[in-house]
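Asks: So you can see what is in the structure, the chains are spelled out below.
Number of protein chains: 2
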Amino acid sequence: MPSDLAFDDPTSDVMLDAASGVRRSVLPGGVRLLTQTDRSVRSASLGLWLPVGSRDERPEHAGSTHALEHLLFKGTGRRTAMDIATAFDEVGGDSNAVTAKEHTLYYGRVRSADVPMAIDVLTDMITASLLTPEALETEREVILEELAMAEDDPTDVGYETFLSDVLGPDTAVGRPVGGTVSNVSSLDIEDVRAHYREHYRPDNLVVTAVGDIDHDELAELLGAGLRRGGWSLESGSLPTHRPSGAGAVGPAPTVGADVGAIAPHRLVRPAEQNHIYLGGPGISAVSEDRHTLSVLMSVLGGGMSSRLFQHIREQRGLAYSVYSFTAGYRDVGLFGLYAACRPGRTGQVVDLLAAELTQMGADGIGEDELSRAKGQITGTFALGLEDTSSRMGRLGTIELVHGRYTSVDETLAKISQVDAPAVRDLAARLGESFSTRVEIGPDA
Amino acid sequence: MPSDLAFDDPTSDVMLDAASGVRRSVLPGGVRLLTQTDRSVRSASLGLWLPVGSRDERPEHAGSTHALEHLLFKGTGRRTAMDIATAFDEVGGDSNAVTAKEHTLYYGRVRSADVPMAIDVLTDMITASLLTPEALETEREVILEELAMAEDDPTDVGYETFLSDVLGPDTAVGRPVGGTVSNVSSLDIEDVRAHYREHYRPDNLVVTAVGDIDHDELAELLGAGLRRGGWSLESGSLPTHRPSGAGAVGPAPTVGADVGAIAPHRLVRPAEQNHIYLGGPGISAVSEDRHTLSVLMSVLGGGMSSRLFQHIREQRGLAYSVYSFTAGYRDVGLFGLYAACRPGRTGQVVDLLAAELTQMGADGIGEDELSRAKGQITGTFALGLEDTSSRMGRLGTIELVHGRYTSVDETLAKISQVDAPAVRDLAARLGESFSTRVEIGPDA
Chain A
1 MPSDLAFDDP TSDVMLDAAS GVRRSVLPGG VRLLTQTDRS VRSASLGLWL PVGSRDERPE
61 HAGSTHALEH LLFKGTGRRT AMDIATAFDE VGGDSNAVTA KEHTLYYGRV RSADVPMAID
121 VLTDMITASL LTPEALETER EVILEELAMA EDDPTDVGYE TFLSDVLGPD TAVGRPVGGT
181 VSNVSSLDIE DVRAHYREHY RPDNLVVTAV GDIDHDELAE LLGAGLRRGG WSLESGSLPT
241 HRPSGAGAVG PAPTVGADVG AIAPHRLVRP AEQNHIYLGG PGISAVSEDR HTLSVLMSVL
301 GGGMSSRLFQ HIREQRGLAY SVYSFTAGYR DVGLFGLYAA CRPGRTGQVV DLLAAELTQM
361 GADGIGEDEL SRAKGQITGT FALGLEDTSS RMGRLGTIEL VHGRYTSVDE TLAKISQVDA
421 PAVRDLAARL GESFSTRVEI GPDA
Chain B
1 MPSDLAFDDP TSDVMLDAAS GVRRSVLPGG VRLLTQTDRS VRSASLGLWL PVGSRDERPE
61 HAGSTHALEH LLFKGTGRRT AMDIATAFDE VGGDSNAVTA KEHTLYYGRV RSADVPMAID
121 VLTDMITASL LTPEALETER EVILEELAMA EDDPTDVGYE TFLSDVLGPD TAVGRPVGGT
181 VSNVSSLDIE DVRAHYREHY RPDNLVVTAV GDIDHDELAE LLGAGLRRGG WSLESGSLPT
241 HRPSGAGAVG PAPTVGADVG AIAPHRLVRP AEQNHIYLGG PGISAVSEDR HTLSVLMSVL
301 GGGMSSRLFQ HIREQRGLAY SVYSFTAGYR DVGLFGLYAA CRPGRTGQVV DLLAAELTQM
361 GADGIGEDEL SRAKGQITGT FALGLEDTSS RMGRLGTIEL VHGRYTSVDE TLAKISQVDA
421 PAVRDLAARL GESFSTRVEI GPDA
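Just so you know, the sequences run in chain order A and B.
Residue numbers for the first sequence follow full-length UniProt numbering, so the first one is 1 and each next one is one higher.
Residue numbers for the second sequence follow full-length UniProt numbering, so the first one is 1 and each next one is one higher.
The set of hints was computed from the structure by calculation and includes no laboratory data.
Hints are supplied without guarantee of correctness; some may be wrong.
As the list makes no split between identical chains, a pair holds if one copy fits it or if it spans any two.
Said to hold, decoys possible - Simulated pairs of lysine to any residue, SDA-like, Cα-Cα distance not exceeding 25 Å:
#, residue 1, residue 2
1, 101, 177
2, 101, 204
3, 374, 80
4, 101, 161
5, 414, 402
6, 374, 307
7, 374, 85
8, 374, 116
9, 374, 272
10, 101, 307
11, 374, 94
12, 101, 23
13, 374, 83
14, 374, 120
Given only the sequences and the hints, what does the whole structure look like? Please build it.
Replies: Here it is in structure tokens:
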């Protein structure tokens, strides 16, 4: 099987990975179905994905992606909100939804016998939601409570502020996923309906399923469910592929490595701890550098043996929570270093955070660190594969983000090829990209 | 196999459940080992349990259980803190620890080939920790950061305050697990060492393991690891069973059902939301009523179809997060109702929360609700069994809390026997037990 099987043949129905049982087909209407059958479990994880997130909103519909996600649980022509809630609850299944910057996901995990029910309910929700003004009025209040909860969480506010500062507060990708209180307060049901009509279409829909399922049976159930909700599924329709930013890297660094020169964006709140977010533009989700980045992040701040954890927590006791993180989108990305500490230590912790990356850019990493990072990534991957939900998520990422199949072994082979000089070079590039320092907490 | 196989034969080595492959043996020194072999996975979840938690601390050692848990990661005669961190990280495994009111757990999840390493490291930590004053000085700062983080989280402070108010702030079980800033600041290494010597003994140790493991091999590895750390494991030693509170129920209700008469314990903080905790004494972890309680909690506040979710969130939009909860200990327990909302709605939400339980006590539940709750509990159980970590945890609870084996089928049979009148009666009893109302957030 070719390693770079790209998904540009609209009529394809292929076994992508015979060893792992991963199969992909394009169904009538352009609906894409990716499955991995695993008969060692008696359950399945299912995901219905739309390649639409907050960055795809028209400015006048800001907040509509997330509001729509809420409203799809509020009733269809065949089911009340209570019916939808009951369907999964009464069989002990999980079901929920996630709105992100570049996609929306409705998912469920149920026992094998409940798969037809799960497909029926999830397809009903995405095809036949009533989207009434009354439902929006109630759900608007729920969303305003959700935003109030987020506003009370300093790590939520700090992280969103950091993302917005790095990516640009006026850009679509930099805006908060859920919108603002003002957006949500002024949202009209017609905005939500327009957003729905524009994006919730067969050629946008990707379905992924892993577990005790049969691909062809699932295709039947899916087609029947979507048609029941009134979607016409025409033979020969092509999936819509979003423009890929393949290989793109983030914006050019806006400042050099002089972290001390970055004015902190300070949000003062009465609290015990300051939360520090320090970082800048990174690499996109499809950059070829992403495997090097995985290794770098493992060494820098990926576990209890990482440099940040050892130097800031274990040796100096300056923080309880300290780590590094990244986010990648189709054309941009970012990296960040995080720690929380009592206010008198903030300056010292900021200096130590920045110094770790700067030093890695100057001196590189040891072979022992390289080998440990590869072991960590490989082992984490292997353990993750025992969970149908994480495999279901991987299939969605393959389709929505990469548009081509890569087996786990191929991904691990890429990781194994990363060498220490590549990590040092990437660390040096990131070290020159520091642009943003957000602090939320009490005054020092 | 008898359903009530009790663990009072100190020399037992028995297959507790041949169908599920659950086996228990008492090793030299009185160490108990419970395993469930599952060859469908290529990994194992391991847990080392001590039946010792914050409620077992001598008052002069308050905070020592949690501090000790931290210190066990700080180095042994054979391993530095970095070695311990590296051991699990470099194979991509998980490892961490939990301190609770009645137990302490050190756990790991690794691939099959790494099980010997995991047992070696975990036994090294619990037998041969250096417990140096220098390590305590560093870790004290980390713990103070952890307490500062908890102090900034209103749900953490609200929940701890609620527990303390219901169980009694001056009781051992009512104290916060991690101790207070004052406890931790004054903790001396000798306190921690005394706590260690008193409780970390072979006859207190319970080991549970689920996954791709062999019971006898694990027993060998465990014995070798414990002896290497200097523990003498004498043949014929008996496990220490803690006194069981079998069938005990919580303290008598302190007030009647007039929730309006309970003075709120208000913690005023600037924030967007108020967090409400309303409840009182419930039932212990070993009460025969616990199956009825599971059903009651499912109907009342256990999912999206529950009464609290439907009536407070779905229909009225008054909250984003709303649920019911319980906690059970060996002789006492509690129940609670939780919601978070913007301050102007607090009074209405408190009334609605209380009314749901009161009404269930008066009118009972419908057969449809009963059947849905049983389906939810059964399905959740079945899905949980696909995860080795949750099965590992179940074996620990069986040994530490119940002291007798119950198969999943037997537990589900008990659930299936719960009837609607029993739920109504328990709801009525709990409804008369309301004693405590904690609110944390801004002034109304």
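Asks: Next step is simple, just say for each hint if it's right about the structure.
Replies: To see whether the hints hold, each was checked on the structure:
Taking identical chains as interchangeable, the C-alpha atoms of residue 101 and residue 177 lie at most 25 Å apart only when both belong to the same chain, with a minimum of 6 Å there against 39 Å between chains. Only within a single protomer do residue 101 and residue 204 lie at most 25 Å apart by alpha-carbon distance; the minimum there is 16 Å, versus 50 Å between protomers. Taking the shortest alpha-carbon separations for residue 374 and residue 80, only the inter-copy value of 22 Å comes in at or below 25 Å, while the best intra-copy value is 49 Å. For the homomeric pair residue 101 and residue 161, the shortest alpha-carbon distance inside one copy (15 Å) is at most 25 Å, but the shortest distance between copies (37 Å) is not.
Within a single copy, residue 414 and residue 402 get their C-alpha atoms as close as 15 Å, which meets the 25 Å cut-off; across copies the closest is 49 Å, which misses it. When the C-alpha separation of residue 374 and residue 307 is checked against a cutoff of 25 Å, the pair qualifies only within one copy, where the shortest distance is 15 Å, while the shortest distance between copies is 48 Å. In this assembly of identical chains, the alpha carbons of residue 374 and residue 85 lie at most 25 Å apart only when taken from different copies (15 Å versus 42 Å within one copy). Taking the shortest alpha-carbon separations for residue 374 and residue 116, only the inter-copy value of 21 Å comes in at or below 25 Å, while the best intra-copy value is 40 Å.
In this assembly of identical chains, residue 374 and residue 272 lie within 25 Å of each other by CA distance neither inside one copy nor across copies; the values are 37 Å within and 44 Å between. For the identical chains of this complex, residue 101 and residue 307 are neighbours neither inside a copy (30 Å) nor across copies (33 Å), given an alpha-carbon limit of 25 Å. Taking identical chains as interchangeable, the C-alpha atoms of residue 374 and residue 94 lie at most 25 Å apart only when they sit on different chains, with a minimum of 15 Å there against 33 Å within one chain. Taking identical chains as interchangeable, the C-alpha atoms of residue 101 and residue 23 are never at most 25 Å apart, the minima being 27 Å within one chain and 48 Å between chains.
Only between protomers do residue 374 and residue 83 lie at most 25 Å apart by alpha-carbon distance; the minimum there is 17 Å, versus 47 Å within a single protomer. In this assembly of identical chains, residue 374 and residue 120 lie within 25 Å of each other by CA distance solely across copies; the values are 22 Å between and 42 Å within a copy.
Violation of the numbered hints given earlier is confined to hints 9, 10 and 12; the remaining hints are satisfied by the structure.
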